[in-house]
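Asker: Based on the hints, put chain P in the right spot on chain H.
For reference, the chains in residue letters:
Protein chains: 2
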Amino acid sequence: MPAPDSLGAATPASAARGAGKGAQVTLAHGSGGRATAQLIAECFHRHWHNEWLAQNEDATRLPALTPGHVPVVATDLFTVTPLFFPGGDIGTLAVNGTVNDLAVRGATPRYLTVGVLLEEGFPIATLETIAKRMAAAAAAAGVAIVAGDTKVVERGKGDGLYLAVTGVGEAPVEPVWGAAAIRPGDRLLLSGPLGEHGIAILAARQAVPLETEIVSDCAPLVSLIAAMRATGAPIHAMRDLTRGGLAAAANELARAARVGMVIDEGAIPVHPAVAGACELLGIEPWHLTNEGKLLAFCPPESVEPLLAAMRAHPLGRQAAVIGTVVADPHAFVQMRTTFGGVRLLDWLHAEPLPRIC
Amino acid sequence: MPAPDSLGAATPASAARGAGKGAQVTLAHGSGGRATAQLIAECFHRHWHNEWLAQNEDATRLPALTPGHVPVVATDLFTVTPLFFPGGDIGTLAVNGTVNDLAVRGATPRYLTVGVLLEEGFPIATLETIAKRMAAAAAAAGVAIVAGDTKVVERGKGDGLYLAVTGVGEAPVEPVWGAAAIRPGDRLLLSGPLGEHGIAILAARQAVPLETEIVSDCAPLVSLIAAMRATGAPIHAMRDLTRGGLAAAANELARAARVGMVIDEGAIPVHPAVAGACELLGIEPWHLTNEGKLLAFCPPESVEPLLAAMRAHPLGRQAAVIGTVVADPHAFVQMRTTFGGVRLLDWLHAEPLPRIC
Chain H
1 MPAPDSLGAA TPASAARGAG KGAQVTLAHG SGGRATAQLI AECFHRHWHN
51 EWLAQNEDAT RLPALTPGHV PVVATDLFTV TPLFFPGGDI GTLAVNGTVN
101 DLAVRGATPR YLTVGVLLEE GFPIATLETI AKRMAAAAAA AGVAIVAGDT
151 KVVERGKGDG LYLAVTGVGE APVEPVWGAA AIRPGDRLLL SGPLGEHGIA
201 ILAARQAVPL ETEIVSDCAP LVSLIAAMRA TGAPIHAMRD LTRGGLAAAA
251 NELARAARVG MVIDEGAIPV HPAVAGACEL LGIEPWHLTN EGKLLAFCPP
301 ESVEPLLAAM RAHPLGRQAA VIGTVVADPH AFVQMRTTFG GVRLLDWLHA
351 EPLPRIC
Chain P
1 MPAPDSLGAA TPASAARGAG KGAQVTLAHG SGGRATAQLI AECFHRHWHN
51 EWLAQNEDAT RLPALTPGHV PVVATDLFTV TPLFFPGGDI GTLAVNGTVN
101 DLAVRGATPR YLTVGVLLEE GFPIATLETI AKRMAAAAAA AGVAIVAGDT
151 KVVERGKGDG LYLAVTGVGE APVEPVWGAA AIRPGDRLLL SGPLGEHGIA
201 ILAARQAVPL ETEIVSDCAP LVSLIAAMRA TGAPIHAMRD LTRGGLAAAA
251 NELARAARVG MVIDEGAIPV HPAVAGACEL LGIEPWHLTN EGKLLAFCPP
301 ESVEPLLAAM RAHPLGRQAA VIGTVVADPH AFVQMRTTFG GVRLLDWLHA
351 EPLPRIC
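Sequences listed follow chains H and P, in order. Residues in the first sequence are numbered from 1 upward in steps of one, following our numbering. Residues in the second sequence are numbered from 1 upward in steps of one, following our numbering.
Looking at chain H on its own, in the form it has when it is part of the complex:
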């Protein structure tokens, strides 16, 4: 039987029990006893199986890193509501969100650990569906789920299911992508249109009278970034645009790098349906969450090869140069509007939507 603190191997006896039709998660499933082991075997191990998970111990030993590489880690909690939305689900989002955080630092994602926080009464069939989606997303991103933990809280102390995912990858010792490498004169490359995840979630909640064909852009950026790296063109920094959108990412990096930025509003790709929804709702696409878009900073000579590589990739077809880094001790991010004016691209105190990822 698997260790309660791990996601261990199912025995035939345990796999046959406890997950009948309509079965729900109970507090016993989180107690660390046999019930926990059964749930782990039936819902997780069955779909996530790999040699590392099969170690079935308190901690998982991983292979040595590639020589000349350092470990890179990222961690995220996922609380999105609803759990299933057009274009994705919490499990796919959790895998993609974590691998993207690693990939934008120049790392190759390798391993994930997954914490599953369940509320008593959650349908076991839904849990298994999410586990399957995570397995598919992990396979697509080239990572293995190697360790996990499951806890159950009483009814009213959770919201069905939350996920905590940590990713471990490896990056070459050089170059180091990050804010510290951004220089005045660098160009800003955006991989595609903004705001699709935010609008898809808003529509799925039916909190506003919004009918739209928009689906979340939730996707792993690993292969897009690999294609960009393969050009050999220098890249200085990269961010995936999640909570806070383009506005937050640009402002954070401007402050961290102690530079200004000038962004051309007219150069920012936005799907017409997202633009329409934003107008209706009185929000801007650069404040909306994305789950499959990146912003890259590179010297001018890298623009042509990088843009070509991005546009040749399914996730970068609408990639565009949207701005330039400028010297500015105030670290202001300015936007040249389509009307020819200039205004500050502000970073909001709070985003328009909570529980978006």
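Heads up, a few of these hints could be off.
It does not matter which identical chain is meant; a pair holds if it fits inside one copy or across any two.
[To be verified] The list that follows gives simulated cross-link-like pairs (lysine to any residue, SDA-like), each with its CA atoms no further than 20 Å apart: (1) Lys157 x Gly121; (2) Lys157 x Arg317; (3) Lys132 x Gly260; (4) Lys157 x Val176; (5) Lys132 x His49; (6) Lys157 x Gly68; (7) Lys132 x Thr66; (8) Lys157 x Gln24; (9) Lys132 x Gly341; (10) Lys132 x His349; (11) Lys132 x Ala144; (12) Lys132 x His47; (13) Lys132 x Thr231; (14) Lys157 x Glu120; (15) Lys132 x Gln24; (16) Lys157 x Thr26.
In case anyone wonders, no lab produced these hints; they're calculated from the structure.
Answerer: Leaving out everything else, chain P in the frame of chain H:
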């Protein structure tokens, strides 16, 4: 300003705002906007500062591992209630629980990532207290908190605060401690008395009329295990005894190693107050959770040096040989009772207490 998905550097301006006396966590603190960055700066970065956390990016680059070592990972969710209990708190428990999972696999714990899942309305002062406790626990265990994420859920969708902690350590390529190395004839060494965490939590909940001086045994086992390794005496496997207690750990390892075990009830150290509480409540100390105890498996010739090293350490003063591994295709764990009988040491379907860790 720090990235919303990281635990970044405070700016003086942000550190001065938003955390007045009586302040509470709001949904804005989890939105990824400025409010999130302020909370992260004020509550976490201030106390957890180190060069890796200061990278302030989506993912954290770590130093190369020691040559001849492989990465080891462990992940845990922490949902203990109450958040503060005699002998510990959820933050200390989360750090110790994670480093112990790494240490029992022969790894030196190096880095932690921390996910903080907050319920709207949680007092910011309490959050900062927990962050401080985590900083102290991390320092005591020799690890750095290098990455994190913060999310906020609406009132009634959480229980104040949950933590998701992942640990990264490094272990020598050889030897590999684990169930696969356990052999018939191996001895079972227990580092100290059982059940103190479980009884402390039960008393803190005041769910039963239990008055006791018992405090949680919550502690990092890193230095105890280092002292054991320093003897050079072969060790085959090790587990820290958490949810499910000695009974679950012994049964899991027996099944995984396809061996039986015979444990001497009379050899198991139990604090008289724990024994008394167990008798009152009708539960057994080997089913109770511990947070600072380990069970080691070693060949007979290792017993003397290991036991000497354990007893010379503050966390192993009452260490004892409690049993022997035997050949048994049924993988039964038997207990020789103090009355001279033999019975199966069963593994419960559900533990007596949920939300214990």
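Asker: Now tell me if each hint is right for this structure.
Answerer: Hint check results:
| no. | hint | in the structure |
| --- | --- | --- |
| 1 | Lys157 x Gly121 | both (11 Å within a copy, 14 Å between copies) |
| 2 | Lys157 x Arg317 | neither (43 Å within a copy, 39 Å between copies) |
| 3 | Lys132 x Gly260 | neither (44 Å within a copy, 35 Å between copies) |
| 4 | Lys157 x Val176 | neither (42 Å within a copy, 40 Å between copies) |
| 5 | Lys132 x His49 | within (11 Å within a copy, 38 Å between copies) |
| 6 | Lys157 x Gly68 | neither (46 Å within a copy, 45 Å between copies) |
| 7 | Lys132 x Thr66 | neither (29 Å within a copy, 36 Å between copies) |
| 8 | Lys157 x Gln24 | both (16 Å within a copy, 18 Å between copies) |
| 9 | Lys132 x Gly341 | neither (49 Å within a copy, 47 Å between copies) |
| 10 | Lys132 x His349 | neither (36 Å within a copy, 26 Å between copies) |
| 11 | Lys132 x Ala144 | within (13 Å within a copy, 33 Å between copies) |
| 12 | Lys132 x His47 | within (6 Å within a copy, 39 Å between copies) |
| 13 | Lys132 x Thr231 | neither (34 Å within a copy, 46 Å between copies) |
| 14 | Lys157 x Glu120 | both (9 Å within a copy, 12 Å between copies) |
| 15 | Lys132 x Gln24 | within (17 Å within a copy, 37 Å between copies) |
| 16 | Lys157 x Thr26 | both (13 Å within a copy, 17 Å between copies) |
Hint violations for this structure: numbers 2, 3, 4, 6, 7, 9, 10 and 13, all remaining hints satisfied.
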